[in-house]
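A.B. asks: The listed protein sequences correspond, in order, to chains L and F. Residue numbering for the first sequence follows my numbering, beginning at 8 and increasing consecutively. Residue numbering for the second sequence follows my numbering, beginning at 11 and increasing consecutively.
Treat the hints loosely; a few may be bogus.
As the list claims (entries may be wrong) - Computed list of lysine-lysine pairs in DSBU-like fashion (alpha-carbon distance at most 35 Å, straight line):
{"hint": "1", "chain 1": "L", "residue 1": "286", "chain 2": "F", "residue 2": "188"}
{"hint": "2", "chain 1": "F", "residue 1": "237", "chain 2": "L", "residue 2": "286"}
{"hint": "3", "chain 1": "L", "residue 1": "269", "chain 2": "F", "residue 2": "200"}
{"hint": "4", "chain 1": "L", "residue 1": "227", "chain 2": "L", "residue 2": "213"}
{"hint": "5", "chain 1": "F", "residue 1": "15", "chain 2": "F", "residue 2": "64"}
{"hint": "6", "chain 1": "L", "residue 1": "286", "chain 2": "F", "residue 2": "189"}
{"hint": "7", "chain 1": "L", "residue 1": "213", "chain 2": "F", "residue 2": "130"}
{"hint": "8", "chain 1": "F", "residue 1": "133", "chain 2": "L", "residue 2": "227"}
{"hint": "9", "chain 1": "L", "residue 1": "225", "chain 2": "F", "residue 2": "203"}
{"hint": "10", "chain 1": "L", "residue 1": "164", "chain 2": "L", "residue 2": "107"}
{"hint": "11", "chain 1": "F", "residue 1": "237", "chain 2": "F", "residue 2": "205"}
{"hint": "12", "chain 1": "F", "residue 1": "188", "chain 2": "F", "residue 2": "205"}
{"hint": "13", "chain 1": "L", "residue 1": "227", "chain 2": "F", "residue 2": "130"}
{"hint": "14", "chain 1": "F", "residue 1": "133", "chain 2": "L", "residue 2": "213"}
{"hint": "15", "chain 1": "L", "residue 1": "286", "chain 2": "F", "residue 2": "23"}
{"hint": "16", "chain 1": "F", "residue 1": "103", "chain 2": "F", "residue 2": "64"}
{"hint": "17", "chain 1": "L", "residue 1": "200", "chain 2": "L", "residue 2": "225"}
{"hint": "18", "chain 1": "F", "residue 1": "203", "chain 2": "F", "residue 2": "44"}
Claimed, not checked - In silico contact screen, one side only, chain F against chain L (beta carbon under 8 Å); selected entries:
{"hint": "19", "residue": "83"}
{"hint": "20", "residue": "125"}
{"hint": "21", "residue": "129"}
{"hint": "22", "residue": "132"}
{"hint": "23", "residue": "136"}
{"hint": "24", "residue": "137"}
{"hint": "25", "residue": "140"}
{"hint": "26", "residue": "168"}
{"hint": "27", "residue": "169"}
{"hint": "28", "residue": "197"}
{"hint": "29", "residue": "198"}
{"hint": "30", "residue": "200"}
{"hint": "31", "residue": "201"}
{"hint": "32", "residue": "202"}
In case anyone wonders, no lab produced these hints; they're calculated from the structure. The structure displayed is predicted, hence computed values, not measured ones. Think of the CB as a built atom: it goes at the ideal place given N, C-alpha and C, for glycine as much as any other residue.
Here are the chains, one letter per residue:
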Amino acid sequence: MKQVDVFPGSTRLVEGQMPPSSLLLIGPSGIGKTIFSKQFLYNGLVHGEPGIYLSTDESPERIERSMKSFGFDVENYKKTEAFRFVDCYSWKIGNKSSSKYGVNNPADLATVSAAIENARQGLERSRLVLDSITGLMTICSHNLTYFSKFLQIIAAKTRATNSSAIFLVSPEAHDQVFMSYLREIFDGTLEMKMETEKNESGEEIKRLLRLFSLKGGKHKTHWTPFEITNNGILVRSEKELRCVMCSRLIEWEPHKEIIEGKEYNFDSTECANNYKKLKSLYGESFE
Amino acid sequence: MISAKTLAFHSYKGGTGKTTLISNLAALHANQGKRVCLLDFDLYAPSLGMYFRKKPATFLNNLLRGDLDQPDGEFDIASVINDVSSELGLKGKLLIGFASPNREDISEIEFQHDQKWQLKAIKRFQSFKNQLFEEYDLDCLLLDTSPGIRYWSINSLAMANMLFLIMKTSDMDIEGTKKMVNDIYDVLTKYGKSKYYIILNKVPEIENAHGLWSDAIELAWSEELKKDIGTQVVGSVPCFCDIQFSKHEFLYAVKNPEHPFSKKVVELAQRMEMLC
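Using the sequences provided together with the hints, build the complete structure.
C.D. replies: Given below as structure tokens:
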């Protein structure tokens, strides 16, 4: 069966089936972590995996609107409760949350924990986004040890229910010690960074993503470019190697064949064999 | 169980009963719970649309032309694949891709494009086939091809790993098939594990002491053809006038399983499975 993206670009970065994991997503503000996570949740909903979105910076209404603007319409999933908001934002502006899982006092992590548990009731193989660790840290009054325990418990419960989760963090807001702690807690780390490139039309921002680590999965580790498009995040291959027979992008190791002294890259042995058959029949004109 | 295989059905001449046989085999496998896809690559004289009485809006011609291309390099394959399983009451899946019977489309594929266009179309076909297996988790793909040595019959045969030559037991068919094997089949089975076999169809009923067409007669033909053509006969299906001349023969193997033709198709399917 065809592998489908768990998070944007996962089929390009992870070989085979992506194991259910809790991932830390590190990246500077504005790079696209939030839309990346929304896409992760929507991919799950489409494939029958319920989603929970915890936000410290956006109201449920705004999250829904922004998802819709990328084509991720969650209205029906919300109605059937396949999509649930753990609202840690409305409290900030003194409003009552429209969500059943609103948190009255997110400064107290015990109430946040309880709201997540409540939202997880009755769900197996679900997806959770915690957006963001940075946001929670700025409002909670606990020490580092307590905070990391809070995250460890969520990660452990994610594992126990065969679920997946993404935890967002902006590294510039935290010190090195805290970031090192975080990397230890989760099953893997995704990193995002921006680079500026000079070209004819001036300077251009290039967004890059890499899967730094993943327990229990073979994966690529190099920086891979991605774009934010009208349809969400689009992860591109670093170098576009295409099969000469079917023209498809070769994601992993190409099947190489030397035909009449020239090396060709194929997607599979079948493509290589079919190419040789047709070349033998049509001669040089088949390229 | 035929698993993840591409089977192409070909003949030297038209009128060998290829379409009837391939449609019945496809429906039979699907009724056994398998996931089968049947594609009409007889692009010069398509007939599956008429056989299944379908007039789809999208054809395999659209795929080859690039109408189904998507920005990510894949195809909108759902628009060209028709699921007929539930309307036929099949236990598994039967998915069909039809070719356009419109004069303009046939003329386009035959005359209107240069080699560059045709090569691009072959690559689309290969990529589409890969996507089909991935998205529909197919057990097997069956290709109906154009008779004789024609551009798109060669292309379809090159995509398959099991090639079945359907022939009648007439001298003309035997000689033509022999020539065709020498011309293209040797190359088509040179790479990978592709193999070709013969299916005798519309065999005249011959009475012997034990009744009609016997295993002994089939064996005699098999030995003669192995000498002449160089491969084995998988099976033989007698000619049934009620099927040959019926106004609309339709999937006897599933709809009328007690008919002797259906029993022969079941036997043939079992023998084909043993080759996989």
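A.B. asks: Below or equal to 35 Å on CA atoms is what counts here, so check residue 237 of chain F against residue 286 of chain L.
C.D. replies: 29 Å, holds
A.B. asks: Residue 202 of chain F was flagged as interface toward chain L. Is the shortest Cβ-Cβ separation under 8 Å?
C.D. replies: Residue 202 of chain F check passes; min Cβ-Cβ to chain L is 4 Å, inside 8 Å.
A.B. asks: Given the hint that residue 237 of chain F pairs with residue 205 of chain F, test it: the Cα-Cα distance must not exceed 35 Å.
C.D. replies: The given pair, whose Cα atoms are some 17 Å apart, holds under the 35 Å limit.
A.B. asks: Hey, residue 133 of chain F versus residue 213 of chain L, does the alpha-carbon distance stay inside 35 Å?
C.D. replies: Holds. Residue 133 of chain F to residue 213 of chain L sits at ~32 Å (cutoff 35 Å).
A.B. asks: Does residue 189 of chain F lie within 35 Å of residue 286 of chain L when you go C-alpha to C-alpha?
C.D. replies: Holds, because 21 Å separates the two Cα atoms, which is no more than 35 Å.
A.B. asks: Less than 8 Å between beta-carbons is the criterion; does residue 137 of chain F satisfy it with respect to chain L?
C.D. replies: Given a least distance of 4 Å, the restraint on residue 137 of chain F holds.
A.B. asks: Please work out if residue 227 of chain L and residue 130 of chain F have their alpha carbons no farther apart than 35 Å.
C.D. replies: 31 Å, holds
A.B. asks: CA of residue 269 of chain L to CA of residue 200 of chain F, is that 35 Å or under?
C.D. replies: 20 Å, holds
A.B. asks: Hint check: residue 15 of chain F vs residue 64 of chain F, CA-CA at most 35 Å. Holds or violated?
C.D. replies: Roughly 26 Å between the alpha carbons, so the hint for residue 15 of chain F and residue 64 of chain F holds.
A.B. asks: Next pair to validate is residue 286 of chain L with residue 188 of chain F; report whether the Cα-Cα distance is within 35 Å.
C.D. replies: Answer holds: residue 286 of chain L to residue 188 of chain F is near 23 Å, not above 35 Å.
A.B. asks: Keeping to a limit of 35 Å between CA atoms, is the pair of residue 203 of chain F and residue 44 of chain F held or broken?
C.D. replies: 23 Å, holds
A.B. asks: Hint check: is the beta carbon of residue 169 of chain F less than 8 Å from a beta carbon of chain L?
C.D. replies: Where the cut-off is 8 Å and the nearest Cβ of chain L is about 6 Å from residue 169 of chain F, the hint holds.
In this structure, every one of the numbered hints holds.
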